[in-house]
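Asker: One line per chain: the protein sequences are A and B, in this order.
Using this note's numbering, you'd call the opening residue of the first sequence number 67 and step up by one each time.
Using this note's numbering, you'd call the opening residue of the second sequence number 33 and step up by one each time.
Note that these hints are calculated values from the structure, not bench results.
Wrong hints could be hidden among the right ones.
Stated by the list, open to error - To give an idea of the chain B side of the interface with chain A (calculated C-beta under 7 Å), a few residues:
| hint | residue |
| --- | --- |
| 1 | A74 |
| 2 | P75 |
| 3 | F77 |
| 4 | R98 |
| 5 | F119 |
| 6 | F136 |
| 7 | G137 |
| 8 | Q138 |
| 9 | G139 |
Claimed, not checked - Which stretches of chain A does chain B cover? Using the computed rule of at least three CB atoms under 8 Å from a CB of chain B, they are:
| hint | segment |
| --- | --- |
| 10 | 114 to 124 |
| 11 | 169 to 178 |
Every residue gets a Cβ at the ideal spot worked out from N, C-alpha and C, and that includes glycine.
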Amino acid sequence: EAGVAQSPRYKIIEKRQSVAFWCNPISGHATLYWYQQILGQGPKLLIQFQNNGVVDDSQLPKDRFSAERLKGVDSTLKIQPAKLEDSAVYLCASSLAGSGNEKLFFGSGTQLSVL
Amino acid sequence: GQSLEQPSEVTAVEGAIVQINCTYQTSGFYGLSWYQQHDGGAPTFLSYNALDGLEETGRFSSFLSRSDSYGYLLLQELQMKDSASYFCAVRDRHGSSNTGKLIFGQGTTLQVKP
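Looking at chain B on its own, in the form it has when it is part of the complex (with noise of 0.2 Å):
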């Protein structure tokens, strides 16, 4: 079966940087997902991993190694609106096709403080 693990919460302060890991377990993969949701807000797209390394946008990072089937989500220069619920996702294959499932780890809640 397929299952993410993920820290449930974290806590920073203005300014800091902050790394929230994520483990998987797939039976197929395509690439390493990273959605952020506020409360009572829709989740959205924040980046995406098919290859191992570091993908940089903005104040936002992510990385993945596939032979760890690990990632991580970096954020730098907290600010308070960063305060959010933060989700990896990986899909798996479907088959011979190309599409497949798109399955959500629980999500860890991020608090970010004066």
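Same shape as in the complex, but just chain A (with noise of 0.2 Å):
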């Protein structure tokens, strides 16, 4: 079974430069995360997807992040403009539902570093 993949890898920016993630998730899987990841913390939740439509973005700056995920099955991340801040990776993962047991499959990540 193919896990989650994401793209790019890896991404140097200067601020107030536009970035996009790219994330596929695993087939099937209805609900689709994107976390962020500051080095020597937990992932913090971004945005979560069930299907096509969003069940929670309470902590996406709005103003500069924004999230799609066309057809209920890929999805982009995107943030522009970046701030130094935003250093961090990007955790994409997918479930089955969403619910209460389920486990969440993580893809590689994209390490972003804003210069």
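Both chains come to you apart, so use the hints to assemble them.
Answerer: See the structure below:
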């Protein structure tokens, strides 16, 4: 079974530039998550999709971050413009239906450095 | 709001037993999960407890006490490859639906020494 695919693996940009990350979840997984993980901290949920609808985006900085999940499969996360504090690993994860006892499957993440 | 607390670092020697505690505060509660993350790697699922008690999976066990809002991960017969960060996570309720966001603690870095 193929895992969660993310690209790119690494990205270096200057502040105020824009960047986009792509995620392809495990086939059949209805729930998709984007997490931000700053070095030395736990993953912080940015947005959670159930199919192509948003379940939670309460911690997404909507003035600069946006995410979409067209057709309930692939998803993209965009940052525009980037700030220094956005340097982090952006993890995409998926699960079957986002219910209580499900485990999340994580991709390898995109390591973003904002200079 | 939701919060989870766990120790930042734990050190143990090969072959030993180590316990990583987690206390949580959430508006709703489905269960407590544990994830392992090696340096530079992705978090991987270890265990899930929805009911009080101990769940055992090989060398790893996880415990939950809902009345105390407390759980722990127990690692036995430690091996060098167990050196990693361990995160507890809780899924809160989202309204009346069966979905909820999964919130992670700050993580406990386990260093296993020879």
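Asker: Mind checking, does the segment 169 to 178 of chain A have 3 or more residues with a CB under 8 Å from chain B?
Answerer: Since 7 is at least three, the answer is holds.
Asker: Given G139 of chain B as an interface hint, is its Cβ closer than 7 Å to any Cβ of chain A?
Answerer: 5 Å, holds
Asker: Please verify the coverage claim for the segment 114 to 124 of chain A: does it have three or more residues whose C-beta sits within 8 Å of some C-beta in chain B?
Answerer: holds (count 4)
Asker: Is the interface hint for F77 of chain B satisfied, with its Cβ closer than 7 Å to some Cβ of chain A?
Answerer: 4 Å, holds
Asker: Taking the least C-beta to C-beta distance, is F119 of chain B closer than 7 Å to chain A?
Answerer: 5 Å, holds
Asker: Less than 7 Å between beta-carbons is the criterion; does G137 of chain B satisfy it with respect to chain A?
Answerer: 5 Å, holds
Asker: Going by Cβ atoms only, is F136 of chain B closer than 7 Å to chain A?
Answerer: 4 Å, holds
Asker: Please check whether A74 of chain B passes as an interface residue: C-beta within 7 Å of a C-beta belonging to chain A.
Answerer: 4 Å, holds
Asker: Given a cut of 7 Å on the nearest C-beta pair, is the interface hint for Q138 of chain B held or broken against chain A?
Answerer: 5 Å, holds
Asker: The hint names R98 of chain B as touching chain A; please verify it with the least Cβ-Cβ distance against 7 Å.
Answerer: 13 Å, violated
Asker: Would the stated hint for P75 of chain B survive a check requiring a Cβ distance to chain A of less than 7 Å?
Answerer: 5 Å, holds
Hint check: a violation occurs at hint 4 only; the rest are consistent with the structure.
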